Amino acid sequence: MRTASLDIVVTGLAAVSAAGVGLEPLALAVQEGRSCLRPLPAVDDPSLLWGIADGFRANDFMPPLKARKFDRCSLMAVAAAGMALRDAGIDPKTHNAERIGIVLGCGFGGIANSAEFLAGYFSAGVEGLAPMLFPNTVANAAASNASIEQGFKGPNITIVQRFSSAETALEIACRFLQEGRADVMITGGVDELTPLMIEGFRAAGQLKRFASGFGEGCGLLVLERRDAAALRGASTKGSIDDVRSLGLLLPGEEEEGLGRLLPQEITPCPISLSGTADLCPPLVQRLPESGRIELHRITGRSLAMGGLALVALFLTLREGEQGLHLAASPEGPYVAIQVRGGSPV
Amino acid sequence: MTGKRIAITGLGIFCGAGKDIPAFADALLGGKSGIAPLDLFDVSPFPAQIGAQVKDFDPLDHFARKTAARLSRADQFGVIAAGEALRSSGILGQAGPYDLGVVVGAGAAGMFQSEQWLKEHLAGRKGHPNLLRGILPDKTTTVIAETYRLGGYQGTITTACSSSATAIGWGADLVATGRLQGVVCGGADTLSLLTFAGFNSLKVVDPEPCAPFSLGRQGISLGEGAAFMVLEDAEAASRRGAQIHGYVLGYAAEGEAYHMTAPEPSGMAAARVMNSALRTAGVDPAEIGWVNAHGTGTPLNDVVESKAMKLVFGDRVGEVPLVSTKAVTGHCLGAAGAIEAVSTVIALGRGIIPRTLHFRGRDPECDLDYCHDGPRPGSSAIAMSNSFAFGGNITSVVFSR
Numbered sequence: 001m002r003t004a005s006l007d008i009v010v011t012g013l014a015a016v017s018a019a020g021v022g023l024e025p026l027a028l029a030v031q032e033g034r035s036c037l038r039p040l041p042a043v044d045d046p047s048l049l050w051g052i053a054d055g056f057r058a059n060d061f062m063p064p065l066k067a068r069k070f071d072r073c074s075l076m077a078v079a080a081a082g083m084a085l086r087d088a089g090i091d092p093k094t095h096n097a098e099r100i101g102i103v104l105g106c107g108f109g110g111i112a113n114s115a116e117f118l119a120g121y122f123s124a125g126v127e128g129l130a131p132m133l134f135p136n137t138v139a140n141a142a143a144s145n146a147s148i149e150q151g152f153k154g155p156n157i158t159i160v161q162r163f164s165s166a167e168t169a170l171e172i173a174c175r176f177l178q179e180g181r182a183d184v185m186i187t188g189g190v191d192e193l194t195p196l197m198i199e200g201f202r203a204a205g206q207l208k209r210f211a212s213g214f215g216e217g218c219g220l221l222v223l224e225r226r227d228a229a230a231l232r233g234a235s236t237k238g239s240i241d242d243v244r245s246l247g248l249l250l251p252g253e254e255e256e257g258l259g260r261l262l263p264q265e266i267t268p269c270p271i272s273l274s275g276t277a278d279l280c281p282p283l284v285q286r287l288p289e290s291g292r293i294e295l296h297r298i299t300g301r302s303l304a305m306g307g308l309a310l311v312a313l314f315l316t317l318r319e320g321e322q323g324l325h326l327a328a329s330p331e332g333p334y335v336a337i338q339v340r341g342g343s344p345v
Numbered sequence: 001m002t003g004k005r006i007a008i009t010g011l012g013i014f015c016g017a018g019k020d021i022p023a024f025a026d027a028l029l030g031g032k033s034g035i036a037p038l039d040l041f042d043v044s045p046f047p048a049q050i051g052a053q054v055k056d057f058d059p060l061d062h063f064a065r066k067t068a069a070r071l072s073r074a075d076q077f078g079v080i081a082a083g084e085a086l087r088s089s090g091i092l093g094q095a096g097p098y099d100l101g102v103v104v105g106a107g108a109a110g111m112f113q114s115e116q117w118l119k120e121h122l123a124g125r126k127g128h129p130n131l132l133r134g135i136l137p138d139k140t141t142t143v144i145a146e147t148y149r150l151g152g153y154q155g156t157i158t159t160a161c162s163s164s165a166t167a168i169g170w171g172a173d174l175v176a177t178g179r180l181q182g183v184v185c186g187g188a189d190t191l192s193l194l195t196f197a198g199f200n201s202l203k204v205v206d207p208e209p210c211a212p213f214s215l216g217r218q219g220i221s222l223g224e225g226a227a228f229m230v231l232e233d234a235e236a237a238s239r240r241g242a243q244i245h246g247y248v249l250g251y252a253a254e255g256e257a258y259h260m261t262a263p264e265p266s267g268m269a270a271a272r273v274m275n276s277a278l279r280t281a282g283v284d285p286a287e288i289g290w291v292n293a294h295g296t297g298t299p300l301n302d303v304v305e306s307k308a309m310k311l312v313f314g315d316r317v318g319e320v321p322l323v324s325t326k327a328v329t330g331h332c333l334g335a336a337g338a339i340e341a342v343s344t345v346i347a348l349g350r351g352i353i354p355r356t357l358h359f360r361g362r363d364p365e366c367d368l369d370y371c372h373d374g375p376r377p378g379s380s381a382i383a384m385s386n387s388f389a390f391g392g393n394i395t396s397v398v399f400s401r
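So the sequences go chain by chain: Z and A. Here the first sequence is numbered in our numbering, starting from 1 and rising by one per residue. Here the second sequence is numbered in our numbering, starting from 1 and rising by one per residue.
Among the hints, erroneous ones may be present.
Quick list of simulated restraints, FRET-style, between CB atoms [what the hints assert, rightly or not]: (1) A:G124 / Z:E289: 43 to 51 Å; (2) Z:Q264 / A:T261: 46 to 54 Å; (3) Z:S123 / A:P207: 21 to 29 Å; (4) Z:A42 / A:I352: 57 to 65 Å; (5) A:T261 / Z:L65: 15 to 23 Å; (6) Z:S47 / A:P265: 53 to 61 Å; (7) Z:S290 / A:D284: 56 to 64 Å.
From the structure, some residues in chain Z lie toward chain A, with a derived Cβ separation under 10 Å [to be verified]: (8) G101; (9) I102; (10) G109; (11) V126; (12) S144; (13) I148; (14) F152; (15) K153; (16) E199; (17) C280; (18) P282.
Bear in mind the hints are in silico, worked out from the structure with no lab data behind them. Computed from a prediction, not measured in an experiment: that's the story for all the values here. Built from N, CA and C at the ideal position, the CB exists for glycine as well.
Using the sequences and the accompanying hints, generate a full structural model.
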């Protein structure tokens, strides 16, 4: 499935990751190929490494009393949305807020609050319920809190779609811009990592598989139609040239599926592998060996890591240079996004 | 919404008010509520002990034992309702598997099972790993895709109570742009302790069956279920001789940017999304015959939605009934928008405006026509369905027969 004739540019980027807060630490870690993963004291196996965004402090972005009402996904999304809009040179207070929207991928968002809320009930019955926790048990809390705090009232959608959550979100954001539902779309992904989630991975037998090396963070992009960005004199970090997605690779019909997903010719270019794309042989066998960026080795794998991976790709591309971003999940979907570097990056 | 005209060629439902389309249509148009005492889990500590639970459900009536064991209750509901929609559309085998996709709007998903794992874990015991399999709502989407070999697209929208309305809008968009030939879209959600305790803790659950727009209403009645529709390019559907139940004309999904739980009180945000949906549908407010309300029965929501109606319809508001079908189905959270969308399409097709059940007296702040007196003939061909959610995620979808 292909979203054709895109003319969408990236005018802002933001990153919160195990590499640090902001674009520079992420760019540096990618450039150096340096892993930011480390063991967690809360996990008794030191051979397992995790990508914790421990450089992120909510109080750097908002007063402590306000920060207390948000879950960690929301905190990172609120902060990153502010950073991304500033990077794009957009102030929602002076821009038409109804024309700014957000479509965000969010993996396990809300689960930490759900667990804490239920734990109160299991330990103390109805008296143990904390109503303040309940609103942030929903996966859309991060996008909604970002819109409330930053004040944008356009389209607002949250996607949970395995390891392609952020890419699925980006596809919708592009469509909304094409259709004129908004002038500015913030998109990408956010994830948190908690000790209970790691216990859940262990119980589900995932620690030695996809969940090994899980990370957290938030990677956001500000997208605009090229003409609208040019009209306000914005500089571009790059462009989104093509988005293709596929739901499943059907047994016996993999060739046709991959033919629909991938461009006919994949020229040597930086290729960002997100989700579990690196573990999908029929996919990686079609790619050139060189120029692969595997962000999960640097900041950790997560369901919505595509946001950070796309930010990292744009930070890597030279002006006009083509790049390809591929995301996959073991059970699908698969997303291929062709991008191009902008100026100045 | 630009592009191809979108036909609805299949409908499916599985909920407390009816386990297939004929049974559900009887309940909806006959005014039979699915709200009854709950027994899915222990509700005795809570003041409200009722809801629209799917009763007498044995997964083995629908799935092999091994399959049932790896699916959450929400996955099972989703597969059943999506299956009914796909079968009734006849699209399987008519389009290639990579030309078909699935979009699901989901809420708590497999939380009903996962919270049992958490309880075991907190007690220092090992819960069965299967309890965690459906914790992410996209599992339902993947299971539907795998079951019916829909290879073209998987998407899961999680905007709380507006999830599945938005899923229908986005599904329509995927077909309108020619990216898919057909899509099954809708939503599935089930009752869970998390949501039941959560809404009780916010004190917005009515101990009696919910009474939308009625004097003395105290809040929602929770429910569960799944509903799906198959959408196709109308021309292609006609060419293959498919039965067309109606059309998706347009939708809007926006953010109030006001509060995580309270609706924007003036109704301007809700009016904005309704107007946006009408604009994308190319429909004038004068063409709308009635509105399927979000209509939860909470004191605040019903007043705000009534205010929004006045902003959208102006002097004509008295001629546009605002009907809540939640007194029939309960508030099915992630599945609510899809259940109400299917309700709207059924009612439009039969030329009947459904009734808002459980009238307790007239509220001076809810001064519109809510069809409290009973169902009535409706000649209009177009209706709108509203879904408003936590986080100010608001969606409206416009349907025609």
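Results for each hint:
The hinted range of 43 to 51 Å is satisfied by G124 of chain A and E289 of chain Z, whose Cβ atoms lie roughly 49 Å apart. Against the hinted window of 46 to 54 Å, the Cβ-Cβ separation of Q264 of chain Z and T261 of chain A comes to about 50 Å, which satisfies the hint. About 25 Å separates the C-beta atoms of S123 of chain Z and P207 of chain A, a value consistent with the hinted range of 21 to 29 Å. Taken as a hint, the range 57 to 65 Å holds for the pair A42 of chain Z and I352 of chain A, whose Cβ atoms sit roughly 58 Å apart.
For T261 of chain A and L65 of chain Z, the Cβ-Cβ distance of about 18 Å falls inside the hinted range of 15 to 23 Å, so the restraint holds. Checking the proposed 53 to 61 Å range against S47 of chain Z and P265 of chain A shows it holds: the Cβ atoms sit about 54 Å from each other. At roughly 58 Å, the beta carbons of S290 of chain Z and D284 of chain A sit within the given window of 56 to 64 Å. Among the interface hints, the one on G101 of chain Z holds; its C-beta lies about 7 Å from the nearest C-beta in chain A, closer than the 10 Å criterion.
At a threshold of 10 Å, the smallest CB-CB gap from I102 of chain Z to chain A is about 7 Å, leaving the interface hint in force. A least Cβ separation of about 8 Å between G109 of chain Z and chain A falls short of the 10 Å threshold, and the interface hint therefore holds. Evaluation of the V126 of chain Z hint against chain A yields a held restraint, the C-beta minimum of about 5 Å falling below 10 Å. Of the supplied interface hints, the one on S144 of chain Z holds, with its beta-carbon coming within about 3 Å of a beta-carbon of chain A, less than 10 Å.
Restraint check, I148 of chain Z versus chain A: the minimum CB separation of about 5 Å is within 10 Å; hint holds. Taking 10 Å as the C-beta cut-off, the interface hint given for F152 of chain Z holds, the closest approach to chain A being about 6 Å. The restraint placing K153 of chain Z at the interface with chain A holds, with a minimum CB-CB distance near 5 Å, inside the 10 Å limit. Hint status for E199 of chain Z: holds, given a least beta-carbon distance of 7 Å to chain A, under 10 Å.
Checking C280 of chain Z against chain A by beta carbon gives a least distance of about 15 Å; that is not within 10 Å, so the hint is violated. A least Cβ separation of about 14 Å between P282 of chain Z and chain A goes past the 10 Å threshold, and the interface hint is therefore violated.
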